[in-house]
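Line order of the protein sequences matches chains Y and B. Counting in the numbering used here, the first sequence runs from 1 upward without gaps. Counting in the numbering used here, the second sequence runs from 1 upward without gaps.
One or more hints might be untrue.
[As the list claims (entries may be wrong)] Quick list of the computed label-pair ranges, beta carbon to beta carbon: (1) Y:265 <-> B:5: 42 to 50 Å; (2) Y:125 <-> B:15: 46 to 54 Å; (3) Y:300 <-> B:97: 47 to 55 Å.
[Claimed, not checked] List time: in silico DSSO-like cross-link candidates among lysine-lysine, alpha-carbon distance up to 30 Å: (4) Y:217 <-> B:18; (5) Y:330 <-> Y:60; (6) Y:235 <-> B:115.
Simulated from the structure, these hints should not be mistaken for laboratory data. Just so we're clear, the structure is a prediction, and the values are computed from it rather than from any experiment. Where is the CB? At the ideal position from N, CA and C, for every residue including glycine.
Each chain, written out:
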Amino acid sequence: MNILAIETSCDETSAAVVKDGTEVLSSIISSQNDFHAKYGGIVPEIASRKHIESISPVIKEAMERAAIGFKDLDAIATTFGPGLPGSLIVGLSAAKAISFALKKPLIGVNHLEGHIYANFLLEPKLKFPFICLIVSGGHTQLVKVTGHMEFETLGRTRDDAAGEAYDKVARFLGLGYPGGPIIDKLAKTGNENAVNFTRPMLARQSPGGGGLEEEYKYDFSFSGIKTAVVYYVKKNPPRPLGEGLGVRVDIAASFQKAVVDTLVEKTIRAAEENSIKTVAIGGGVAANSKLRADMKAACKNKGIKCIVPPLELCTDNAAMIGCAGYFRYKKGMVADYSLAIESTARIG
Amino acid sequence: MQTITNAGSAQETRDLGKKFAGSLKPGDVIALFGQLGSGKTTFIQGLSKGLGIDNFVTSPSFVIINEYPLNNRGQKTSFFHIDLYRMDSAGEIEDLGMTDLFNDRSIVAIEWADKAGMLLPENCKKIHFNFVSENEREVVFS
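Whenever a hint applies, use it, and build me the whole structure from the sequences.
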């Protein structure tokens with residue numbers, strides 16, 4: 001079964017052809033990073049316009065690389081949310097048009113499902129249940145996956161997403177955009193133990209001894225780490241940027257350690273407390289080298305199987321949407337043309 | 001008139017926001033000023049609770065504008081949470097269509113309002129957040 005998949009939830013215009021759920025025949029990603037760098041982040045209006053320019057050539061190239069014709073497609077899958085409304089609507093409209101013209105089923109895929117299913121592209125025989133940490137510029141979420149399209153969200157961020165905290169701290173330290181890759185690279189040369197930044201909501205017991213509220217024990221909070229960095233810099237002003245990065249490298253490394261420690265510990269805790277022996281990750285921040293290394297090490301230490309997709313499957317891509325779309329189709333979860341974008345769609 | 005209040009913790013900042021929500025009506029625009037980490041989003045988390053919004057209100061820096069529907073005696077109104085942190089000029093902000101939201105069907109709260117300059121309505125409610133210590137903040141209403 002050949003599925004043409006489209007993903008335009010944020011700033012990547014992507015199309016892919018996926019055969020039988022896990023065989024990627026083609027995957028094209030057109031990034032808009034250069035257009036957004038000057039703003040220190042994605043600007044919704046620009047993103048939407050760029051998608052309109054890119055969508056047709058990207059789909060065409062995906063079909064050519066897959067070396068099949070439109071008549072060989074069996075279904076069209078597209079992301080309907082969550083994401084930026086102006087971006088989502090471009091991919092959804094294109095998918096509806098192709099589906100209607102070919103008279104082939106339309107499948108609406110939740111973007112977060114896509115990040116989870118990227119793990120099936122790496123490991124088609126992945127067994128349930130597993131815990132998936134979805135971590136990106138817009139999301140930070142721990143999901144228990146018990147079967148195909150069966151999700152239970154255990155926790156999510158209460159303020160900033162992890163990737164957003166990276167962007168803000170990088171901007172604050174004058175390091176540039178995108179913050180994630182820049183801090184990841186710089187941190188390799190810095191002392192990550194230079195500053196012991198707060199790790200909010202990491203303690204099993206709060207300092208007052210009251211303990212975490214049971215309901216929120218897998219939630220994240222990255223706003224506090226960001227504030228701790230700001231306050232540290234206020235009290236210990238680094239030399240001006242013109243004199244080199246200096247201590248900023250150590251601050252960036254220490255910030256990254258605080259974020260990664262929190263992500264890893266909560267994920268391992270969720271696996272252990274739910275007696276789950278497999279951990280997977282997804283989302284743009286899952287491309288972070290420290291998170292990948294530390295998650296693997298922590299899992300190994302606890303005898304947990306750890307699945308870490310290659311970088312191109314962590315960041316936004318349509319191949320993962322094609323994979324999730326296939327398993328939705330198998331369960332009869334086909335959409336009709338009333339399918340609308342849902343910018344705040346959730347799973348579990 | 002200016003009122004200066006101290007918040008000793010993030011929770012107290014949230015409580016201030018919740019209390020402040022009681023004075024709001026559709027058409028109001030709230031402009032928030034203060035550095036990164038000074039408590040603007042935390043205040044709005046409390047404010048949105050006060051407006052009866054159940055969702056966790058998370059930071060909109062990534063998407064710039066978040067909309068939350070409000071139940072206002074059967075009228076369709078919304079609370080818009082805007083974050084101009086990543087915007088560099090009033091021109092870019094104009095392109096966002098932000099000023100279209102200033103109407104009697106919306107309550108709008110704007111973080112990093114200094115970036116909006118002349119685009120802010122004259123009668124907007126201004127709130128400044130200042131660092132006192134790592135956890136304490138001074139909140140100035142004017």
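How the hints compare with the structure:
| no. | hint | in the structure |
| --- | --- | --- |
| 1 | Y:265 <-> B:5: 42 to 50 Å | 36 Å, violated |
| 2 | Y:125 <-> B:15: 46 to 54 Å | 51 Å, holds |
| 3 | Y:300 <-> B:97: 47 to 55 Å | 50 Å, holds |
| 4 | Y:217 <-> B:18 | 24 Å, holds |
| 5 | Y:330 <-> Y:60 | 26 Å, holds |
| 6 | Y:235 <-> B:115 | 26 Å, holds |
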